[in-house]
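Colleague: All chains should be built: construct the whole structure from the sequences, respecting the hints.
Number of protein chains: 2
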Amino acid sequence: MVIGLGPGPAKWMTPEASAAIAAASDIVGYKPYVERLILRTDQRAHTSDNRQEMDRARLALKLATEGRAVAVVSAGDPGVFAMAAALFEAIEEDPRWLRLEIAVAPGVTAMQAAAARLGAPLGHDFCAISLSDNLKPWAIVERRLRAAAEADFVIALYNPVSQARPARIVEAFDLLRTVKVAATPVAFARAVGRADETLTLTTLGEADPNLADMATLIIIGSSETRFIARDGARPWMVTPRAYGARR
Amino acid sequence: MVIGLGPGPAKWMTPEASAAIAAASDIVGYKPYVERLILRTDQRAHTSDNRQEMDRARLALKLATEGRAVAVVSAGDPGVFAMAAALFEAIEEDPRWLRLEIAVAPGVTAMQAAAARLGAPLGHDFCAISLSDNLKPWAIVERRLRAAAEADFVIALYNPVSQARPARIVEAFDLLRTVKVAATPVAFARAVGRADETLTLTTLGEADPNLADMATLIIIGSSETRFIARDGARPWMVTPRAYGARR
Numbered sequence: 005m006v007i008g009l010g011p012g013p014a015k016w017m018t019p020e021a022s023a024a025i026a027a028a029s030d031i032v033g034y035k036p037y038v039e040r041l042i043l044r045t046d047q048r049a050h051t052s053d054n055r056q057e058m059d060r061a062r063l064a065l066k067l068a069t070e071g072r073a074v075a076v077v078s079a080g081d082p083g084v085f086a087m088a089a090a091l092f093e094a095i096e097e098d099p100r101w102l103r104l105e106i107a108v109a110p111g112v113t114a115m116q117a118a119a120a121r122l123g124a125p126l127g128h129d130f131c132a133i134s135l136s137d138n139l140k141p142w143a144i145v146e147r148r149l150r151a152a153a154e155a156d157f158v159i160a161l162y163n164p165v166s167q168a169r170p171a172r173i174v175e176a177f178d179l180l181r182t183v184k185v186a187a188t189p190v191a192f193a194r195a196v197g198r199a200d201e202t203l204t205l206t207t208l209g210e211a212d213p214n215l216a217d218m219a220t221l222i223i224i225g226s227s228e229t230r231f232i233a234r235d236g237a238r239p240w241m242v243t244p245r246a247y248g249a250r251r
Numbered sequence: 005m006v007i008g009l010g011p012g013p014a015k016w017m018t019p020e021a022s023a024a025i026a027a028a029s030d031i032v033g034y035k036p037y038v039e040r041l042i043l044r045t046d047q048r049a050h051t052s053d054n055r056q057e058m059d060r061a062r063l064a065l066k067l068a069t070e071g072r073a074v075a076v077v078s079a080g081d082p083g084v085f086a087m088a089a090a091l092f093e094a095i096e097e098d099p100r101w102l103r104l105e106i107a108v109a110p111g112v113t114a115m116q117a118a119a120a121r122l123g124a125p126l127g128h129d130f131c132a133i134s135l136s137d138n139l140k141p142w143a144i145v146e147r148r149l150r151a152a153a154e155a156d157f158v159i160a161l162y163n164p165v166s167q168a169r170p171a172r173i174v175e176a177f178d179l180l181r182t183v184k185v186a187a188t189p190v191a192f193a194r195a196v197g198r199a200d201e202t203l204t205l206t207t208l209g210e211a212d213p214n215l216a217d218m219a220t221l222i223i224i225g226s227s228e229t230r231f232i233a234r235d236g237a238r239p240w241m242v243t244p245r246a247y248g249a250r251r
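Residue numbers (my numbering), protein chains in the order written: chain F, 5 to 251; chain B, 5 to 251.
Derived by calculation from the structure, the hints in this document are not laboratory data.
Predicted, not measured: the structure shown is a model, and the values here were computed from it.
Using N, Cα and C, we set each Cβ at its ideal position, and we do this for glycine too.
It is possible that part of the hints are untrue.
Okay, the calculated beta carbon distance ranges per label pair [as the list claims (entries may be wrong)]:
id: 1; chain 1: F; residue 1: 238; chain 2: B; residue 2: 139; range: 23 to 33 Å
id: 2; chain 1: B; residue 1: 23; chain 2: F; residue 2: 98; range: 36 to 46 Å
id: 3; chain 1: B; residue 1: 45; chain 2: F; residue 2: 182; range: 51 to 61 Å
id: 4; chain 1: B; residue 1: 36; chain 2: F; residue 2: 66; range: 57 to 67 Å
id: 5; chain 1: B; residue 1: 183; chain 2: F; residue 2: 141; range: 42 to 52 Å
id: 6; chain 1: F; residue 1: 141; chain 2: B; residue 2: 186; range: 19 to 29 Å
Chain B regions said to be covered by chain F (calculated; three or more residues, Cβ under 8 Å) [to be verified]:
id: 7; region: 15-21
id: 8; region: 35-44
id: 9; region: 126-135
id: 10; region: 144-151
id: 11; region: 165-171
id: 12; region: 186-192
id: 13; region: 226-236
Modeller: Here's what the structure looks like:
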């Protein structure tokens with residue numbers, strides 16, 4: 005089973021995910037995610053480093069073929085820029101793997117947790133784009149950013165920076181600034197739900213892309229998205245369900 | 005508090021949502037969603053019909069101003085085409101409402117539940133588009149569909165049909181067929197996680213848009229999305245994390 009743990013806190017982990025972890029003999033995952041879990045002494049943890057998704061997928065499939073009850077864990081939703089795709093990418097390498105019973109447990113993903121804390125920025129049509137270009141050409145990222153901006157989607161940016169290419173996020177903002185107006189609301193949501201959570205509201209014109217690190221999810225509004233000011237509290241960030249009503 | 009109940013079954017409702025419902029004195033929501041819940045005799049249910057989102061939002065804000073502990077419930081994620089946006093749209097109507105403590109509890113939304121059952125169709129960049137044109141001009145829907153297709157996003161379609169405009173989904177498919185190839189994998193995911201769940205895999209060329217009803221979520225693949233055949237079981241639908249690797 006491929007399991008989404010949610011963004012961090014236990015309150016966002018589904019009962020399905022908790023039950024699947026309790027039922028597993030073997031837990032396979034990126035080390036910091038496995039370390040979130042409290043495992044029994046009869047459960048075996050198989051941890052690995054970042055970017056070893058394919059190795060993790062193959063190990064999980066191999067253990068399952070041996071009759072183990074395997075839980076592959078991902079932060080957030082395993083179906084969104086996470087382990088589910090890696091597992092199915094590997095599955096044709098061994099005909100026995102195609103006969104395994106595999107289930108995916110969905111989870112709350114980072115953009116949803118960020119949106120919940122901010123108000124309702126994803127209240128209308130939106131796109132989710134990973135800025136990582138480890139596995140895709142940067143040209144397709146640019147094409148998607150431009151299309152999403154031109155069609156006035158709200159845009160959620162995953163994986164905004166990587167150690168290998170810290171300038172990608174700056175390029176992305178430069179591109180978006182050629183299409184969207186400077187007043188467009190932007191939020192940097194870092195480590196949402198965790199002790200070191202940081203929410204920064206700004207605008208596309210004012211945003212400092214270097215605020216983003218690997219734990220940051222960025223939401224860039226549509227032309228309808230706005231901040232609603234409150235006394236003594238962070239403004240709400242809201243994308244109304246209606247389009248064009250204010251014009 | 006605005007709460008996401010997930011797509012239906014209790015296994016997909018977060019502990020945060022369950023706790024918030026238990027703590028509420030008043031539960032406000034669309035009747036079929038409130039009816040999913042087991043309430044205590046000291047809790048008051050305020051149910052209303054579909055399309056009365058703004059009335060529900062105002063009632064919830066009014067009750068909260070009176071000191072009640074209010075839970076506004078949405079299916080799926082309240083932040084995705086649901087009640088959170090409606091609540092914040094209403095919030096400026098009364099200055100007292102802006103001083104309320106409001107929290108949003110995220111939830112698993114329909115496209116995630118559908119994706120989990122299908123494999124990993126949202127494994128790469130994707131868009132979520134509501135086909136409802138109650139609150140937005142159809143022209144913006146068309147513009148977004150075209151942009152999403154041209155930039156080769158996976159596309160999740162919410163609210164594919166309405167009683168008032170049953171032909172919109174046919175128009176949407178006609179438009180997508182002018183941009184994307186006929187072999188593009190498509191899934192109709194109806195009532196996912198419920199007793200009457202129906203999953204239909206097809207291609208853009210072969211798809212019958214009339215398969216969709218109000219409980220259907222449609223996922224249309226990118227050029228990378230494919231079906232992985234299995235003996236005696238539904239194929240997996242997968243969008244790999246890599247882009248252009250097969251070219």
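Colleague: Against this structure, judge whether each hint is valid.
Modeller: Verification of the supplied hints:
no.	hint	result
1	238/F with 139/B: 23 to 33 Å	holds, 26 Å
2	23/B with 98/F: 36 to 46 Å	holds, 43 Å
3	45/B with 182/F: 51 to 61 Å	holds, 59 Å
4	36/B with 66/F: 57 to 67 Å	violated, 44 Å
5	183/B with 141/F: 42 to 52 Å	violated, 20 Å
6	141/F with 186/B: 19 to 29 Å	holds, 25 Å
7	15-21	holds (count 6)
8	35-44	violated (count 0)
9	126-135	holds (count 9)
10	144-151	holds (count 5)
11	165-171	violated (count 0)
12	186-192	violated (count 0)
13	226-236	holds (count 3)
In this structure, the earlier hints numbered 4, 5, 8, 11, 12 are contradicted, and the remaining ones agree with it.
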